[in-house]
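2 protein chains.
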Amino acid sequence: MKKNSAPKLVIVGSIGIDTIETPREKHVEILGGSVSYACAAASFFVKTGMVGVVGTDFPPEHRALWEKMGIDLSGLQTEKGKTFRWSGVYEENMDNRRTLLTELNVFESFSPKLPEAYCDAPYLFLGNIAPELQLRVLEQVRAPEFVLIDTMDLWINIAHKKLVEVVSKCDMLTLNESEARLFTGQHSLMDASKALLAMGPQFVLIKKGQSGSMLFSKNGLFLLHAFPLADFKDPTGAGDTFAGGLMGALAESGGTDEKAIRRAMVYGSVAAAFGVEEFSLERLAALDRKQIDARYDMFKSMCRID
Amino acid sequence: MKKNSAPKLVIVGSIGIDTIETPREKHVEILGGSVSYACAAASFFVKTGMVGVVGTDFPPEHRALWEKMGIDLSGLQTEKGKTFRWSGVYEENMDNRRTLLTELNVFESFSPKLPEAYCDAPYLFLGNIAPELQLRVLEQVRAPEFVLIDTMDLWINIAHKKLVEVVSKCDMLTLNESEARLFTGQHSLMDASKALLAMGPQFVLIKKGQSGSMLFSKNGLFLLHAFPLADFKDPTGAGDTFAGGLMGALAESGGTDEKAIRRAMVYGSVAAAFGVEEFSLERLAALDRKQIDARYDMFKSMCRID
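First to last, the protein sequences are chains A and B.
Just so we're aligned: the first sequence equals residues 1 to 306 in our numbering.
Just so we're aligned: the second sequence equals residues 1 to 306 in our numbering.
Mixed in with the good hints there might be a few duds.
Below are the DSSO-like pairs computed for lysine-lysine, each with C-alpha atoms no more than 27 Å apart in a straight line [what the hints assert, rightly or not]:
no.: 1; chain 1: B; residue 1: K162; chain 2: B; residue 2: K113
no.: 2; chain 1: B; residue 1: K169; chain 2: B; residue 2: K233
no.: 3; chain 1: B; residue 1: K290; chain 2: A; residue 2: K218
no.: 4; chain 1: A; residue 1: K259; chain 2: B; residue 2: K300
no.: 5; chain 1: A; residue 1: K233; chain 2: B; residue 2: K218
no.: 6; chain 1: A; residue 1: K300; chain 2: B; residue 2: K259
no.: 7; chain 1: B; residue 1: K218; chain 2: A; residue 2: K259
no.: 8; chain 1: B; residue 1: K300; chain 2: A; residue 2: K300
no.: 9; chain 1: A; residue 1: K233; chain 2: A; residue 2: K194
no.: 10; chain 1: A; residue 1: K194; chain 2: B; residue 2: K233
no.: 11; chain 1: A; residue 1: K218; chain 2: B; residue 2: K233
no.: 12; chain 1: A; residue 1: K26; chain 2: A; residue 2: K47
Partial list, computed: chain A residues near chain B (C-beta under 7 Å) [said to hold, decoys possible]:
no.: 13; residue: L65
no.: 14; residue: M190
no.: 15; residue: G209
no.: 16; residue: S211
no.: 17; residue: L223
no.: 18; residue: H225
no.: 19; residue: A230
no.: 20; residue: K259
no.: 21; residue: R262
no.: 22; residue: K300
no.: 23; residue: C303
no.: 24; residue: I305
no.: 25; residue: D306
Rather than coming from a laboratory, the hints here were simulated on the basis of the structure.
All values reported here derive from a predicted model rather than from experimental measurement.
Quick reminder that beta carbons are idealized off the backbone N, C-alpha and C, glycines included.
Working from the sequences, and respecting the hints, build out all of it.
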């Protein structure tokens, strides 16, 4: 592989076969997982390398879809056994979801090993997996310019110390409102963000779903309203799509400062807003960059104060 | 009264003596009501005339406070009897509140009569009272340039037809998310706003509390994130303070187009964010314009995308 074909952005996370039920539809055994959504969104902006694991049962058409989107799969491991399975159901208002089933399968013994071409990636996104694994990936990338880490309540509860360790080595942490409160014991998001910044990262991005997002830094605060949706079908993976789009746009810009991150957040929101219009990667796979840019411009003008 | 001392903005609404309990504090018999909050916020921007009714029991210190804030009280009627009473309690997260008591008292037979000096006001805010009364005020203002109307679930339920009639004569309607859904039977805010615009107003402003606000018009959409609060004591009147600040800033600017309304919404949010820091008008009464402008600039920069 030529040097210039190395991915500019590397993303690690879960790959799952999901069964999802909403009040209107049920989709069985569809492509899901944090790294799948994140890489799909990032792939509109830069060459993105995927780090993850699937079982020998993984349908070849899913792999073909990723390849069609231009995602680099040289970091994808295939292990003997079944691919991770997840199943969930959304309640009437789509705000709450219940997990019905989680089967780790090959994910249980996953040990991420990065291809040499990934080890010089300037941008790295540690998607939502065990902090232990996130750390192992981080250690393999030699000199990343910007590292984003995502997490969830499970790791805050069962791997708190390891999570704090890996967060301290990252440039930006993203998590949702309730996770920020759980992680810090602070109810106010202003207080929670201060406690999270004190762990080491320069930026803390709090996702608030349909209430938008907030980017905290030592000296600044950026507020982004949620992109207005006329309708949506499946919110699964919206946070991963948001973060993946953000990192893709940031890597494309080459920036790591707040101004660049603000723009990248708008791109991330746009990607997520497209993503939830259909199940799995259906909508993202049918998109082109022009549509993303058009919605970016529209969104920006919707937030403009003269 | 000289012509140039006529109020540029007239606001009608309720005046109440409130008893409010939050998880941390209880305040008994404090100054409240939609027109009290709205006029207080508007008074930082333009001369504002208050239209409302109090009973003979109304404490003179409340009247003195309004006067100190520069509010024109020539439209304030005093009727024999008790002032309107309201009592409510906020639940743990402050998101939900229960009304414990509503005593209409003099409000029951309120018939707003505007002083001559109010009848040429270019800006009019019909605060949340019975649509019948809003209409009676509207009919007394000869040629308003811009009329904002607020309402609530009660009037949507019991005075639907009259509400639609008065809304059709206004330039802008403001209401909260659940009221927009109730009024139109549409769950999606995009669909609800379309139905509301079809009633006649040029603008529909949907308040989403801590999730910000959305301004809909036939061709545009403006999204404003909520002003981030480190802490707040009492959310009572936040929507009235927001709308009052908005109308004050709009009247000061002399504009009626979307660009002017966007700026005015930022001012309204800032006023509301100050207001909830204390009970009643306590915080607003202690403010000066400089503090408002400083927070306006800060808020604007927090929303900026380059």
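* To do: Against the structure, test the hints numbered earlier, and report the numbers of the ones violated in rising order.
  => 2, 7, 9, 12, 13, 15
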